[in-house]
Structure formats: C-alpha cells, structure tokens
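A.B. asks: One-letter residues, chain by chain:
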Amino acid sequence: MLILNCPYCGCYKDETELSAGGEAHLKRFGPGASDAEFEGYLFGRVNPKGVHFERWRCASGCGKWFHAARCTATLEVFGTYKAQTLKPPQAIKDAISAKRPGWTWRDFS
Amino acid sequence: MSTRLASHGRLINRARALSFTFNGKVMSGFEGDSLAASLLANDQMLMGRSFKYHRPRGVLASGGEEPNALINLGVESGFEPNARATTTETFSGLTAASQNHFPSLEFDVGAINSKLSRFLPAGFYYKMFIHPRSFWKHIYEPIIRHSAGLGKAPKARDQDSYEHYYHHCEVMVVGGGIAGLQAAQSAAATGVRVLLVEQTAHWGGRAPVDGVTIDGLAAEDWVAQTLAELAACDNVVIRNRTQGSGVYDHGYALAYERIADHTPGDGRPRHRLWRVRCKQIVTATGAIERPLSFAGNDIPGVMLASAVRDYVVNFAVSPGDRTVVVTNNDDAYRTALCLLEAGLEVPLIVDARPEGGGALMEAVQASGIRVALGRGIAKVKGGKRVTGVQICAQAGEGSVLEEVACDVVAMSGGWSPVVHLWSHCGGKLIWDADQAMFRPDPDQPPLGADGAGFVKVAGLANGHLRSAPVLEDAAEQGRAVGRAAGGKVQKAAVPAAMDAEEVALSPVWLMPQGASYALRSKAWLDFQNDVKVSDVQLAAQEGFESVEHAKRYTTLGMATDQGKLSNINGLAILSKSLNAPIPDVGTTTFRPPYTPISMASLAGEARGELFQPVRKTPMHAWHDSHGADWEPVGGWRRPYAYLRGSETVAQAVEREVINTREKLGFLDASTLGKIIVKGPDAGKFLDMMYTNMMSNLQPGRCRYGLMCSENGFLSDDGVVARIDEQTWLCHTTSGGADRIHAHMEEWLQTEWWDWKVWVVNVTEQLAQVAVVGPNARKLLEKLGGMDVSAERLPFMAWADGTIAGIDCRAYRISFSGELSYEIAVPANQGLVFWEMLMEAGAEFGAMPYGTECLHILRAEKGFIMIGDETDGTVIPQDLGLSWAISKKKDDFLGKRAQQRSFMDNPDRWQLVGLETLDGSVLEDGAYAIAEGSNANGQGNTQGRVTSTYYSPTLGKGIAMGLVHNGPERMGEVIYFTKIGTNPVQAKIVSPVFYDPEGEKANV
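Chain order of the listed sequences is A and B. Mapped onto the working numbering, the consecutive letters of the first sequence carry residue numbers 1 to 109. Mapped onto the working numbering, the consecutive letters of the second sequence carry residue numbers 110 to 1112.
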C-alpha cells in the first residue's frame, strides 16, 4: 500500500485515504478540436514503466488534488506537488534527475 | 505406535489434563499441546486423507508448513474447515474431525483413485474432460464438483468477533526465534519503536530444541532472559500467537493475531488483524526442513526429522518406537541423538552422502547406532502406518540391499529459508549452491517510497544455519534497521552461541538418484495435492517448461500449504528434467498471506450494522414508526412505501399514488443533494458543468439542468436555483451528491483553478419536504407565514420565508406533475416541520408517500430518472432532452464528445413510452426483439425497457424504454421478451402518459 505526502495537509497518507486520478498534466481539448486531438485527450494515456506523473486526491483528508512523481516499476516516490500547475516544479524534476539521470516523460525531461 | 513419554515435554503442563474429541472419540491431552501432539499421544497417527487419491496421511511436520493434518474444527457457528492440527492449540472441549473421506477416515472409498493413479496423471482433467463437449455440463462437472474441495464449508453464521488494530512504529521484527529476539533487542537499543511478533505461543524457535547454548546459558534460559529485557523496554511491543502475514508496499505489513483460538468463548475477539505501518522490517522467519523424495514418503509415520524431535522435546510425544533416520545433512543426526536420549530405538541412519557427516555423526556412531553411508531408501513399506524401509544405494536405481523394520521414518533433505515475507513485495533471491537453497539477495531488497530497501532478513531465513552466525547476523540487521529508521547505534557485544560443528549437505532431489518409474510414481512432492515426481517430469516432457506453467498444470504448490514443503523439491525435479540449472528455472511467486488467515479477520468489525454507516434524514425515526418499508438509496435509507394495517406493499403504493394525485402527499426529499456554488465566476463555471445555460438564470428562479461527463454521457440531473448575483444552489440526485460535489471540485482544482468559485455540499444541513397535490397550497396557506400564491410564487420560482414560524425556502418545482412545493428547513427543524405538516394536513387528506410512489408519479409524467433511463452510455439527446442542451454556449463538459459522428446521429436507441396491448406490466430490463440473430446465435434486439410500472392513475401498465429510432415509430407495435413465456406486444407511444400539457403543476 503506497504512502504519499499530501502537499496541502503536509503529512503522509495511506493509499486507502487517497484516490488515484490517472495521468497528470493533461491538456483539455473541447469544441473545435479535431477528432484525433479529442481522442488523444479523452482516451490516450501514457502508461510508462519508470518515471510517471499522476494525479491523486486526498479523498479522506483535505479533499484536494495533487500530483505525484513516482516510478511505476519500483514504486519509488520522487515527490508530490500541488495540482495547480502546468508542469512539474524544478525541484521535483531535479529530484528525479538525481535518481533517474536522463529521464523523459512526454515533453518533460 | 505413537505415545506420550514420561520424560521431556518443555511446552506442556502435565498438571493440566485436557479432554477433547476427534471423530467423536474422547481423547486427552495436556495444556501446551498442539492438537497434532495430542493426537499422536493418543496413538492417532492417521489424521486425514489426501485430496486426489484419498491416500491415508499422518502428520508430517510440526508447524505451519504441515500439508496433511488438516481438520474440521469446532461445530456449527464455531466451525472452521482446514485447520492445521500442528498450529492448533489443544483446549478442553475441542471438537475435531478429519476431512476429505467417505465414509470414514479408516475406510475411504475414494482411495480407489490411488489404484487408478496410472490413469490420473498430471493434466488429467485437461485431457479427459474436453470431449465430448456435451458431457461437461451434465456429467463431468457435477462429478468434479462433488469431489472438489477439502474441508466442509461452514453452514452457520460465525459466532465470534474480530477486530482490526492499527499500529505505527519504526521497526517491525517478524519471528520470535533467537534471531528475531536478538534483532529486536539490537534495534530497540537504537531508541526506535519496535514491534516483535511470533506466530506460535512460545518463543525461541528451534534453538531450545536443538541444544544451543548462548553466552553459557541454555538457549531456553537466554530466550527467557532476553524476552524479559525486551518486555521491560518502553519502546518495544511484543506479541506471540501473532504471525507476520504479509509485507506490502512502502512499509505496510499485516500481522494476524490468534487471540482466543485456544480459549473460545472467553469474550475476547477471536482474531485481530494488525495493520502495521513501519519504516523498516526484519524478517527472522527461520527455515523449513525439506522432505526427501523416495517411494512411499507419504505413508503415515514418515515425518520430517525436525518434527520428530519437536514432538519428543516440546510435547513429550514419541511418534513411534523404532525410527529410521534418512538424511543428506548433519542436522538430522540430532533427531537420532534426541530419540536415543528419550530411550527410543534408532535401528539405522541412512545418509545419502558417501563420506557421511561430522561431529554429530561421530556422536551418533559412538552411541552404537549404525550409519549406512551412500545409501538411500528405495521404498517405504506399509499402508496406514510405516512397517519398514527397503534400503538401496543412493547412486543406483533402487535394488534392495536390505530391509529394516521400523514404524517411523525421520527424513531430512536440508533446510529452505522462509523467504516469503522478503519476496512478497519484490525482494529477489539468489541460489546458494553450497547450501543448496534459495536465500534473499541483499542487493535486491523490496524498495520503499524513498527507493531504498525497507526489509532485512536475519538468521536462518538469511541462510545462516549455525547459531553463532545467526546471532551475529541478527544483531547486525537489528542495528542496521534501527539506524535506517532514525535510531542511534550504540556499541554492544553480540552474544556468543555454541552448537555442534556441521559439514556440508549434499543435495538429494530424488532417492535413489536413478529411481525407476514405479518408484518415482510413488515419490510425493506435494502431499496435499498429490503431486509426485513422475507428474512434474511428465509436465516437463509435455512442454510446460516455465515453473509457473508446470505449477498450474500439475497443481504443485497450489494447495492450502502453498508448497512450503514441495516447491523447492518440485523445481529441482523440473530443472533436472529440463537440463537447466535450478536458478534458471527459478521459483514461483510468493504471495501473502504466509499461511491462510481467516476471512473474518480481514472483515474485522465491518459486519452487520457496522458494515457501512447508514445515513438517516431528520425524519427517519418518524418514518420507522409509521410503517416505512425501507429501501437503500446511496447510503441513505428511504421509505419505499408506508404500510397501513394489513395492506401489502403494492396496495400501499397504489393508495399513495391516488391520494397524492387527488389530495395531498408528503415526500421526505432531504436526501436530495444540495450543493452551493458561489463566487464571481460561479455562473461561468455552472455553464461548463451543465449542458444548459445557468448564468442567465434570474435570482428567484429555478431551472432543470443536466450534467454530462466529458465523454458526453448523462451523469446527473436536478433543479438549479439562483439565490443571488453570485450564488446558485444545485440539486443533485440522492445518490449523486458526493460524486457531483467531487466532480465540481476536480474541475475547479485541476482545470480552472484560477476561477473564483467556492463549492459547498450542504445536503445534510437541510431537511426538505415535497408538499404535493391539489391541496398543497391550501395547506400552506392554512399554516401561514409566507405568500405561496401563484402570483407571488409561480411555477419554477423560489422564495425565502417562514411557514408556521419555521424559517424555510420554498421551491415551486414538481417531479410529480402536480401542484408542488419543495420546502427546505434547517435540518434540526425537519422533524417538527414534518409533524406539523402531517397534523395540519389531516383535513386535506394528507398522507406521506415513499420512493415507489415518487417513481410512478414521475414515470406517468415521462420524467427520466438517473440510473433507470441512464446507464453511463446514454446521452441527453437519446432521452428527448435536446431542449436542455444549449446551442448558444461555446463549450460545456460533454459538448465536444456529443459532436462525434456516432453521437450526433439519430440512428440510436431513443426514449419512448410503451403500452402493452393487454395492459400488463412489461418486465424491467426486457429487450425489444428484432429480426434475425447475431454471430453468436443470439437473437437481435432493437431496444429495452428502462422503467416499468403499474399506473394506478391510468389503471394499466406503463413503461419507458429506449427503442431504435423510437420517436419516429409512434404507434408501431413491437415485441418485448418476457422470461418463461411468450414475448409481449407493446405499442410505441409518447412517454408522457399523464397531463401532457403540464396544466396541473402550473396552477
């Protein structure tokens, strides 16, 4: 059972207190988008082995959404950060680089 | 025969005799006995029958790895199948029965399978039962079902209570042998909080049995001393009868405490599940002795060498008078010495190693016991009990050199570290060729949240077979986890342990190594599931090369013991058959729990009323005392109908519908979701959430709205009221309030986080009553306080005010088609308000009505219900709700999805009303039949029923359904399925059956 630090509560939460929300940093495509763009937004999700960015909700705590950067192969957690951002903070990216030099994820590296 | 000895018995209390029954026979034991020990003391070696061949089986081991001695324990509401006699503590009044036989343990007709074993090889079921296809359902399956399973399923409800316990600490140590005790002590010395658990009732593991001395003390005394020191530490929690069952991600672990298994009825919970969060775990789980694979190794009386000495030393039980020891290592010689000391006879030690062993062998020889080197057992003789062994050369094919009479065979194939907990969460193993064992690879531990290992292994489990390195290892691992968990390491001397010198074992996977087919087909690997050496060889021959495939094909290691004894021997046979090294073949996956734990302990307190909290409206108790027939709705309980006198539910519903249509009805609508959306951007936000426009709603007005998922499908509906310039109140379905609140929060937090909107779920702050029917206004006017006239409060308007002195908000909205006010009052006024309405409404014919009446009223009006007309694949356009989808808005959730070609297409199943030609009620979910059949030979369909009721208002069955191109087919008659009878004809009509112009609500 994973344990993640809720950046709003500032403390660790068991996986059973959280709910998972899938891939983070999605770009929404609405009316005016092509079929391919909309399909990619709604159904196309990356599912890498290794570094991944995910959305989580502190469901049984503060109710806030946050993001977690973790390794899907080893379950190592590189860090969590608030969801109100378009890209991972530099500190999170640095933490990943220290453990997984040369990592890439979608357009981030 | 097996019997109780006058000497030995370190774990039993001879002053406390206990009486119990086995298969109805009264037997006696002593306090401290395991049930297996008690049975052996009563000369009951035969304890069960095997799963496939129904072979007679005796006890093989003395711990949790036992495959044979599974029993039905207890009776009725205290009944439990498949209890291991070796881990069951004997208590006075215990009732045990053997299982998997008919008619009796002594004579079992199923044993014929053993004679047929040549025709029941590995994969028999797959090969046999495939042809002819028609035989499966009526012949094969019933027979297999009858013979499947081990114990009986309990029939009565479990009488006992169970609980969960949450525990947080820095270090958890699993195993209370000398390694676990030392590791706990070393970890505790660093100052961190330590939890130490031991699965049995006693401490010290094997060391006290094996004559180890520590710092000059007998192991037993050192254990007592160390335990007392640990118990005196404030930072240490100690639990025996508690098994470390599973290790999970990020330092989560489960422990299974058997509190009252041995003291039933004393009022304590039977089991307690410990849910542990820690930083570091030490598994000091010891090792399990391996059986040797020789013909007849399953005959009662053949036991593990370590188990034989456990029974003698711990329980003063002699498994038999004459014991032949067969081994490939030095440790088994301890059994011979132990038996000798107990005054029992050891006619021969068969050592497969041509050069024999070291000091222990010399000690045995000095006592005058004959040791046959380079020899093996060709075959064990006997049926329900060993009568002797045939000796052969280990290097040969099984030619008998001599026969030795005996009633016990003590076998030892070496030791396998218990690596289960290390492996549960991804710890890897390495093959230690010198000791012929898999042991934990310290370089590949299970990884925690920080990417570093969080499990360490100590002692025997780590591959240290001698007690001195065991303690050194345990002290080192204890210090290491203490440091990793934030403790401060102090220098301390490691206790010095002494035991006999041993020389290396020689791996023996088959005895004799060239055994013939006849011998191999009687050499058991998996005792519980009846898998023999020949079966694994056949699997390899038939191409099942992966160990995981061979396991499933042969069922090796798939029984309740999960292959604790069999897996290593089985994969060694597989490796030889494949001509591949053992580490290349690898092991099967180790999964928690370590041994089976009770389902009830996993449930804990979550049973009956505590399974899920029930949500109750402020008027719940009133409903309950007025005949409410309850229905669960989204965690709530709502009255389905209020029963009066002797009427049936159906009669009550009919009465409520007619009374509400003709006079006055009250519905407790408090469960309806109520969400306040407020802020400068609230209008903009609601325009995104709803398909229709909410920003242009005027304060004081209400509007029915639809919410879709981003995928375009209808998700929820309800009436939205605009309270003021920046505030809206959104009603949701009763079951949808939490979900919709979370849905709004998700979009606000993750997409439009710069919008200034605040969302609050106030569902439980308000009690809400629907006052419905032609007399609704008369009642409210009688009560007085606010103007509820059509002019001041027209249809789809709301107003704040008071009614009979109670602050309220009245909405002129109608889900029934009648004149209707939904009146919200503070939750704490709800009951008073309701009772006042009931009292004042009596003169107007007021009656409360339940959810079924609500459903019929709305269905007569053709109003959709989320969850009936929708199922996650239905879009508003399918339901004739295009009028509620804004054409003016650039965007809302679901808009883009609904533009996809297959959504934006009239060629779909769409909502219509349905009237049977004979007036009967269609079945819920019935399909509309279309011509022809599909590729699977199933009849084609062209629609289905979504809501169907008997309408008391119209006196006939009415239904709504989704029918292919339905709205264009008005008047057409189509057929609907009806289970067990001919299809029913129904006419496609408008879904609005009652008051199509809406004149009754708008008055």
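Simulated from the structure, these hints should not be mistaken for laboratory data. There may be inaccurate statements among the hints.
What the hints assert, rightly or not - On the chain A side, residues computed to face chain B include the following (Cβ under 10 Å):
id : residue
1  : Tyr12
2  : Val46
3  : Arg57
4  : Gly63
5  : Gly102
Everything numeric in this text was worked out from a predicted model, so none of it was measured. Note that beta-carbon positions come from the ideal geometry of N, C-alpha and C, so glycine has one too.
A.B. asks: Tell me, which hint numbers fail for this structure?
C.D. replies: 2 and 5
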